[in-house]
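Number of protein chains: 2
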Amino acid sequence: MTPVIEIIIVGNEILCGRTIDRNSIHMIRELERAGFSVRHLCVVDDDTADLIHAFKAAAERSDVVLVTGGLGPTSDDRTISAVAEAFGKSLVLDDRSLVKIEELFRRHNRPMSESNRRQALIPEGSRAIDNPVGTAPGIRLDIAGTRFYFLPGVPSEMRTLFGESVLPELSSDFEAEKIQTATIHVTGISESELYDRIKHLPGAGDAFAYYPSPEGLVVSIKTGAVSPMAAAELLTEAVRILGDRVYSTTGDSLEQVVGRLLTERRLTLGIAESCTGGLVSHRLTNVPGASGYLLCGIIAYSNESKQRVLGVASDLFERYGAVSAEVAAAMAEGARTVSGSDIAISTTGIAGPGGATPVKPVGLMYAGLATADGTKTWRLQFAEDRLINKSRMSQSVLDILRIHLERGT
Amino acid sequence: MTPVIEIIIVGNEILCGRTIDRNSIHMIRELERAGFSVRHLCVVDDDTADLIHAFKAAAERSDVVLVTGGLGPTSDDRTISAVAEAFGKSLVLDDRSLVKIEELFRRHNRPMSESNRRQALIPEGSRAIDNPVGTAPGIRLDIAGTRFYFLPGVPSEMRTLFGESVLPELSSDFEAEKIQTATIHVTGISESELYDRIKHLPGAGDAFAYYPSPEGLVVSIKTGAVSPMAAAELLTEAVRILGDRVYSTTGDSLEQVVGRLLTERRLTLGIAESCTGGLVSHRLTNVPGASGYLLCGIIAYSNESKQRVLGVASDLFERYGAVSAEVAAAMAEGARTVSGSDIAISTTGIAGPGGATPVKPVGLMYAGLATADGTKTWRLQFAEDRLINKSRMSQSVLDILRIHLERGT
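For the protein sequence lines, the chains are A and B, in the order given. Note that our numbering has the first sequence beginning at 1, numbered continuously upward. Note that our numbering has the second sequence beginning at 410, numbered continuously upward.
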């Protein structure tokens with residue numbers, strides 16, 4: 001049986017806008033990798049009546065309900081008392097969990113409070129799931145054909161319990177959907193342009209789904225919409241039509257693709273960033289093993305540091321301005337020299353909201369790429385707010401680097 | 410009347426884990442700033458039956474329903490046809506929207522496709538809302554006492570329509586809740602430690618809510634739970650008890666606080682990053698005006714670049730290793746010299762998953778802070794995955810800088 005899976009995120013902090021809900025994203029991705037898809041997702045306030053309502057609705061429509069949050073030690077953590085009330089269960093002290101909590105505090109040499117003791121209470125008939133990385137145990141409770149898992153909201157704890165206990169249980173007890181979703185990651189093309197280029201492919205109307213993001217566009221072939229063979233053909237044909245706009249068909253991020261290409265070609269990288277302010281370096285160093293190819297990044301935010309650290313000639317600023325092809329080129333060359341790398345990339349531009357001039361609007365960026373064979377520059381224009389501009393600018397320069405590495409020139 | 414507000418995010422891309430739902434966060438924060446709170450949030454697949462079910466449930470329980478996504482030009486954008494079906498409306502061509510779409514394509518000198526023409530269709534009885542930054546108009550539709558707003562899913566378009574049209578209408582037509590939520594942002598303290606320190610305050614049980622995140626903890630005083638005067642007293646008392654663990658009571662991020670302190674004290678900053686890989690610089694440059702105090706950041710990922718760019722003496726690596734207090738100190742001093750700044754901060758550590766040794770586990774970090782008066786270092790230990798370690802490490806070094814600037818030493 002392929003289960004109907006529902007996620008309930010508990011926590012006023014999301015409805016209040018304090019926290020981004022990263023837990024659902026993690027669970028959804030891991031489930032998809034295992035061949036399961038999520039049908040319902042909702043976010044519920046730490047309010048007992050709302051929680052009871054959500055738990056009852058979930059028990060009616062879903063086979064598996066994954067609940068995160070509200071297991072903490074504070075007075076606004078109400079998940080367990082709400083589930084006990086929703087299904088008429090009393091709370092019992094789980095001795096094993098209490099011993100583990102006590103051990104944890106002893107090991108960290110910290111005093112244990114009454115509020116932590118409360119975290120060992122679980123509904124009768126449920127089973128505590130060991131939490132090796134925190135105080136609150138996870139809980140599994142089966143209610144008339146629906147299986148509830150309650151997990152802590154702290155992402156590291158949720159991930160550990162989900163990966164080590166929940167997902168293995170689901171994989172062994174339920175049948176995964178057979179067709180995995182195939183994806184094509186593209187960048188540097190608009191959604192409607194992309195759509196118009198591939199919509200005529202046979203079966204495209206039912207099979208393709210389109211997902212825009214600051215990291216580009218994802219075209220996904222939907223699970224179950226077409227046969228595996230037709231899906232493979234559609235994928236091949238779409239990749240052919242989209243050409244070098246495709247950076248990944250495996251789900252890898254652009255920084256992962258760039259990292260792999262650098263590793264394969266045994267090339268090292270230097271970076272000079274102005275308008276992207278460290279984001280290019282941050283993205284590349286999110287990939288484990290980046291120290292194998294990334295030598296040095298320079299965030300030369302002031303003109304003086306562009307001169308002093310990267311050796312950009314001062315007359316370039318006077319003649320062309322800091323946001324210019326000439327300065328982008330000099331920055332890339334400087335980063336290559338300073339870091340001693342094979343290749344260097346650079347960004348200089350206006351992220352906004354300030355800094356625009358009549359001829360240089362917010363969102364304007366020049367990118368540079370320097371190798372032993374010479375230096376090239378690109379002029380790009382974006383039109384969003386500061387954070388999205390930084391994101392799109394970083395995407396562009398990483399894509400320039402990818403194309404360079406793929407062509408092997 | 411204080412309205413019951415519901416958000417429905419349409420899009421298979423969120424249930425598939427392709428995209429993070431940033432739209433709900435933006436709307437929630439803006440609504441809260443205007444004195445409104447959101448009661449329901451759900452994410453619905455681009456599936457006509459699921460959409461119809463969600464729209465009908467929302468019409469029953471909510472006064473205002475904010476729907477984003479599914480207005481795009483592709484075949485999997487089904488929001489408008491689903492709402493027409495849910496409430497028995499036909500679709501009519503909105504001439505004004507069509508003219509605007511045609512204009513937009515002419516201005517960008519791009520061919521307009523049939524799929525873009527489809528974006529001018531709106532349900533009968535609804536009103537199109539001008540979209541100055543994209544093709545799909547927003548739509549307002551009133552159904553038996555419930556007001557629906559349909560907005561594009563592209564964040565920049567959604568933000569424009571929401572800020573310029575939706576929020577002003579809500580503010581003029583509905584009564585906002587009177588008490589704004591006050592918040593205390595803290596860092597460097599665990600949730601249960603914080604809870605135990607302030608839970609005894611009179612009224613704390615009802616009034617405080619606790620929100621952990623990689624950027625620290627937020628203690629919020631809940632809207633309506635206590636009188637404005639009691640809320641102000643609780644806030645003052647909690648801030649006094651928590652002392653220098655509090656970095657903000659205005660909702661500002663740590664990088665905003667640090668930026669303001671640097672500006673006020675007319676001090677400039679240099680950065681040397683190893684394990685944080687550019688994240689410290691990225692966060693600081695997310696704040697508009699960062700170019701006023703940030704001179705230069707060096708991401709010295711290789712030992713050679715630590716020597717070459719920052720001037721770290723090579724024997725320090727042999728005697729203490731790259732992850733050591735001595736190297737952190739030399740990096741901070743080098744960053745101060747290279748960038749010519751008043752203050753410099755540094756990070757060196759093991760973000761993981763690789764790179765650990767028997768005496769230096771994953772998550773170990775040394776931070777350095779150099780001024781004209783000398784250099785200090787800190788040893789910190791984290792225990793998460795690579796991305797969360799980078800996040801917590803960046804938070805720690807920014808907090809070290811904040812404390813230094815606040816003490817004025």
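No wet-lab data here; the hints were simulated from the structure. All of these numbers come straight from a predicted model, not from anything done at the bench. Glycine included, every Cβ here is placed at the ideal spot set by N, Cα and C. Watch out, some of these pointers could steer you wrong.
[Stated by the list, open to error] Ranges between beta-carbon positions, derived for each pair:
#1 Thr-645/B x Leu-93/A: 35 to 43 Å
#2 Lys-465/B x Gln-381/A: 40 to 48 Å
#3 Ser-90/A x Lys-465/B: 34 to 42 Å
#4 Gly-321/A x Gly-497/B: 44 to 52 Å
#5 Glu-602/B x Arg-266/A: 21 to 29 Å
[Unchecked claim] Here are the simulated BS3-like cross-link-like pairs (lysine-lysine), alpha carbons at most 30 Å apart as the crow flies:
#6 Lys-199/A x Lys-608/B
#7 Lys-100/A x Lys-498/B
#8 Lys-89/A x Lys-608/B
#9 Lys-56/A x Lys-785/B
#10 Lys-769/B x Lys-199/A
#11 Lys-785/B x Lys-769/B
#12 Lys-509/B x Lys-498/B
#13 Lys-608/B x Lys-100/A
#14 Lys-89/A x Lys-100/A
#15 Lys-376/A x Lys-360/A
#16 Lys-89/A x Lys-56/A
#17 Lys-465/B x Lys-498/B
#18 Lys-465/B x Lys-360/A
Hint check: Lys-769/B vs Lys-199/A, CA-CA at most 30 Å. Holds or violated?
Roughly 54 Å between the alpha carbons, so the hint for Lys-769/B and Lys-199/A is violated.
Holds or violated: 34 to 42 Å for the Cβ distance of Ser-90/A and Lys-465/B?
37 Å, holds
Check the hint pairing Lys-608/B with Lys-100/A against an upper bound of 30 Å on the C-alpha distance.
24 Å, holds
Verify the CB-CB distance for Lys-465/B and Gln-381/A against the hinted window 40 to 48 Å.
44 Å, holds
Distance restraint between Lys-89/A and Lys-56/A, which requires alpha-carbon spacing of 30 Å or less:
Holds, because 14 Å separates the two Cα atoms, which is no more than 30 Å.
Proposed proximity, Lys-100/A with Lys-89/A (alpha carbon, max 30 Å):
24 Å, holds
Given hint Lys-769/B paired with Lys-785/B - CA-CA distance at most 30 Å
20 Å, holds
Are the Cα atoms of Lys-465/B and Lys-360/A separated by 30 Å or less?
Between Lys-465/B and Lys-360/A the Cα gap is close to 49 Å, so the pair fails against 30 Å, i.e. violated.
Keeping to a limit of 30 Å between CA atoms, is the pair of Lys-56/A and Lys-785/B held or broken?
Answer violated: Lys-56/A to Lys-785/B is near 56 Å, above 30 Å.
Starting from the hint 35 to 43 Å, judge whether the C-beta atoms of Thr-645/B and Leu-93/A obey it.
38 Å, holds
Is the Cα-Cα distance between Lys-509/B and Lys-498/B 30 Å or less?
24 Å, holds
Determine whether the Cβ-Cβ distance between Glu-602/B and Arg-266/A falls within the hinted range of 21 to 29 Å.
Once the Cβ atoms are compared, 49 Å apart, the range 21 to 29 Å for Arg-266/A and Glu-602/B is violated.
Checked against the numbered hints above, the structure violates hints 4, 5, 6, 7, 9, 10 and 18; every other hint is satisfied.
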